[in-house]
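The hints should help you fit chains D, C and H onto chain Z, whose structure is shown.
Spelled out, the chains give:
4 protein chains.
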Amino acid sequence: MIRFNNDYNRSCHPAILKALEDDFENSYPGYMTDERCQRAREEIKKYLGCPSAEIHFATGGTQANAMVIASALRPYESVVCAETGHINVHETGAVEHTGHKIEALPGARDKISAGALDTYVGKARSSEITEHITQPGMVYISFPTEFGSIYSLAELKELREVCDRYGMYLFVDGARLAYGLASPKCDVSLADLCSLSDVFYIGGTKCGAMFGEAIVIRNDSLKKGFRNMIKQSGAMLAKGWILGIQFEPLFRDGLYFEIGKKAVDYALRIKKAFNDKGIDSYIDSSTNQQFVTVTKKQAEILAKDFIYENEDELEDGRKVIRFCTSWATTEEDADALIKAVEAL
Amino acid sequence: MIRFNNDYNRSCHPAILKALEDDFENSYPGYMTDERCQRAREEIKKYLGCPSAEIHFATGGTQANAMVIASALRPYESVVCAETGHINVHETGAVEHTGHKIEALPGARDKISAGALDTYVGKARSSEITEHITQPGMVYISFPTEFGSIYSLAELKELREVCDRYGMYLFVDGARLAYGLASPKCDVSLADLCSLSDVFYIGGTKCGAMFGEAIVIRNDSLKKGFRNMIKQSGAMLAKGWILGIQFEPLFRDGLYFEIGKKAVDYALRIKKAFNDKGIDSYIDSSTNQQFVTVTKKQAEILAKDFIYENEDELEDGRKVIRFCTSWATTEEDADALIKAVEAL
Amino acid sequence: MIRFNNDYNRSCHPAILKALEDDFENSYPGYMTDERCQRAREEIKKYLGCPSAEIHFATGGTQANAMVIASALRPYESVVCAETGHINVHETGAVEHTGHKIEALPGARDKISAGALDTYVGKARSSEITEHITQPGMVYISFPTEFGSIYSLAELKELREVCDRYGMYLFVDGARLAYGLASPKCDVSLADLCSLSDVFYIGGTKCGAMFGEAIVIRNDSLKKGFRNMIKQSGAMLAKGWILGIQFEPLFRDGLYFEIGKKAVDYALRIKKAFNDKGIDSYIDSSTNQQFVTVTKKQAEILAKDFIYENEDELEDGRKVIRFCTSWATTEEDADALIKAVEAL
Amino acid sequence: MIRFNNDYNRSCHPAILKALEDDFENSYPGYMTDERCQRAREEIKKYLGCPSAEIHFATGGTQANAMVIASALRPYESVVCAETGHINVHETGAVEHTGHKIEALPGARDKISAGALDTYVGKARSSEITEHITQPGMVYISFPTEFGSIYSLAELKELREVCDRYGMYLFVDGARLAYGLASPKCDVSLADLCSLSDVFYIGGTKCGAMFGEAIVIRNDSLKKGFRNMIKQSGAMLAKGWILGIQFEPLFRDGLYFEIGKKAVDYALRIKKAFNDKGIDSYIDSSTNQQFVTVTKKQAEILAKDFIYENEDELEDGRKVIRFCTSWATTEEDADALIKAVEAL
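First to last, the sequence lines map onto chains Z, D, C and H.
Residue 7 is where the first sequence starts when you use my numbering, and the numbers rise one by one after that.
Residue 7 is where the second sequence starts when you use my numbering, and the numbers rise one by one after that.
Residue 7 is where the third sequence starts when you use my numbering, and the numbers rise one by one after that.
Residue 7 is where the fourth sequence starts when you use my numbering, and the numbers rise one by one after that.
The shape of chain Z in the complex, shown without the other chains (with noise of 0.2 Å):
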């Protein structure tokens, strides 16, 4: 069986692996203090164009999100995100645990388009209910989103200036960063996220690591104590330089921006064999997630072979499953799966 379930099914890149080891006799002060950690923020700041950002690391994504989150807002404010965003529908309320509501705006499936934003906050600013109701005080979105998609950097400075003209911050999921930044159709930089949001992560999980997530704080306003939300949050690792052994690879030569290719590359390939086959993508992906429309004859077809993720199934029968390729996702594995496609 060859999993194609998700990008997070194989421990880690060689190159952390190997790091791990030759840090093995090494001892350090903890709590992400060390000179480890301190190095992968240096390799990761070269790419961001703003030598005052604060990079801090998390072990997950959930994590990640509830503290940026909870360190951002005041009690009565809430965060926007769409009704697909993974705050919303995957973390098990993490973010309300925290004590904030969560808006998904209405209609928006994918991405947030800066119209229906603008419409949706003057709405809550202007209404005669207004402190009857929560105020968004930051807008999420996920790069890529939970669908494959990419904003255009066109669209990121429209979001920019709802967020301003409101007083709200954007935070940006870069869960998956590597696999968007890969995408033939993206024109945003690391250097153009973090100068257009005012926090965003960059995913390490998902992307070559065996866990952690890179935060990258640029607006000053949230960067006082955050190191005490870490700890409060239960995500401050005693011994934080694993972290930082992980990230400083995954950024020193390039890696992260490597790995993320070579998954974009074998998934637009996945894609095309499925749509020369006829066979529809359920929506117009161009990073690593592929999802596609199948009789369920093709999805018990592929399934001797190919671990997918179930995501849907619609009105006339048919399933919508998702392909996922990673760094560990071999040649040989793409092959295979493009070849039983064509077969199908």
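If you are wondering where the hints come from, they were derived from the structure by calculation, not from laboratory data.
Any given hint could turn out to be false.
Each pair may be met inside one copy or between any two copies, as identical chains are not told apart.
Below, a list of computed lysine-lysine pairs in the DSS-like style, where the Cα atoms sit at most 30 Å apart [what the hints assert, rightly or not]: (1) Lys163 / Lys303; (2) Lys52 / Lys229; (3) Lys303 / Lys51; (4) Lys325 / Lys129.
For chains D, C and H alone, kept in the frame of chain Z given last:
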């Protein structure tokens, strides 16, 4: 100007003012441990058919809602309600502030149907990602709803059955209960509400009291520590007897039901006047809130003498406005409005 | 039986009942946006010397405390108070319920000294493990304290100075403020409290009102969104004018100060009677609460005609009991108690 | 420089690194549903004597503590611990962040005694103001404590008895459990801990693992929904098998106990060296943490070659410093320190 904008624009029913005056010289122990609260509880219990029910008082509905919900749920559990549920759209995230997600039942604009609830919760319980999503632990409905609708006895029994199947509590917000029970369409009694819900509250603020809601807890598992919940929620009125003094006259000799009946009679006469004039009801309410769809011109004319509430603006330019009667509405008020409608 | 057990055992001062009666026929907009609240705010402001202060009303002290504290702190920040601080020992964890730690200043049984505060916060700010501990963001004091003590103007200025040095807010709980301001030892005015604190509240419940506290926010950074906080906390009274109607007569013509003065006069006469009899004060209070140390026999004798509060039992078997006067205490009540003490 | 500052300054025990290397090529399902976590659970269960216990993994202690406590308590319930309890002083209010008060048992500097607990909780349960205070719902102890002390079997049974009497859960934080079980004074087994507590955790981070704690839930009432709690708390590691891979070798063939024994042997030799030199232990620890009271001069000399932790400064100018051994401490390290102590 005559106020039809809401049902809480006058201090209190004369019987309640009199009770407060009569009691002026007495002194009591604090925090609702006094004999006046006890007497009010006894008056209410005469209608419940459930001697073991516990009755507590709160000063307002948002407070009662947040407190009851927080008391009932484990941290990862959510409360399900209609999209227009008061807790979802008019309480500034008070429920989320206690750490719990509100899940608006997709498509439920007004009432919740047992079928839709069954489908929704069934999916949450059996999902492959059941641990990655909040689990509905309580269903919240209003009686009457935000649009003045009421559930039939049969509908309540169906909801109860779904709740039992999935181990969920059923909580009924009765902020406007007097007006619901007085609806000519209502086949539900206070005793029915008590036996079919796990906990519900009897609204005072909108039904004749100066302020106050009476929370009725039938389910034993919700009783433990509820007075601690009240104190923690900032809802433990030091001079608790002020609440008892209000609820005793409301339930002695059936004043609560009279108040409801009179207000609903006026509301239905007003509704008929609009409909007779060819002005549609936005929703078919049989209680004290009437939503009608008027032209801008009509809205302006009515605004000269009457205060109503603006609800929405339709795409064709018409407006949805609300007229609300209450214990304080007089025959003269109603007649004046009806006459104005006839003259439109 | 004559009640000296607390200062909230009678409904309200006659002037307030009259104001409620006089207002019975009027109707108002809801949620404290009415003219009566506005007039009450103006009456209070005459004493504050701070035209830009914002005044909000809450229904009780626990509510006011939790709301103000939650509004002011970031998630990892704590509030510092005396060990006996009301928020620490009598509010069922209402502050912790909003997510914040209360730090009882070690050794501070009654008042907080600027020196002890400086040492404590200084250590927290400079500790090697500063990120592993909560950071004091606010200091909470009561005026008068739980034991009836008052801070001098000099002491308040010293606390203010420490708060400024460490970037902390100073919050004064004035649940019994009328009695504190009336103390013969008091050299602090309402205007002083307003200028030296960031936010404080003027107690109504224990000082003549049926219920209600007036929260005064001087510091601009605490003003934004406070009405949303009120709603979220379940503290937004629908018929908000009921609060305005109470506070207006309390502050028009100085009734609030008269109430305080009369109650303190009686309390000091009672104190003198005990002390003259050789019965020690447990703590030297100059306000309306008097704590005395009596033998069990004496306690039993007094319990025949008077209701007081049991506070503690000393190792030598004596009891600490509290006698509390209020706006409702009459000269006859005080004389009866004094006579009984003289006869012990 | 030789690090004795803590027990988490090296990545992991060689057996764990090897296990991670050996597993590099395998792929697994996510979120701790894999076979490696299952095998680790089975290895651990061999020592528990409780087949129905549930075992979950967390990435760190603060996370485990907050999650377990929030899972067990109703909103108004508190957790009782020693004044020095890790949750009380070193976790940045993580427990309060979940809404619960921590009550430090007065006078309990190190261990909690059953007698003091009984008195304290008895008072809370029977107080006249029982509804105005938080109610202890759980007792938190560490084994060993922050000062390296251990509870005897008899002491644990007494605590259990008090917990049963008042309906409280008993939770044991075993962050340093390996070192506690290895103490020559220890008469408690893993099976004892399991049967006497409701829930406890077996520390990995400080006992040989790269990171991770194994939470053992014995009490059925705490099991429901715990995986949802894990996800909500941001503690659901995507690549969950990384935790299983670490705990399996720790418990197969008793490595965990060997690690503890070796570190404690070194610690006791170090302690003896200090005591023989006339340098007192600050507290009589029989585990891997040794607290000694040295002069400033002695502290300076030792600081030349060894990293230790500064704990406190006594009034006479002496310092309390901590030396900590771990799985990574070598015989050479210990000998070097002993030699240095002898030369003081």
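inquiry  = Output the indices of the hints that this structure fails to meet, ascending.
reply    = When the structure is compared with the hints, numbers 1, 3 turn out to be violated.
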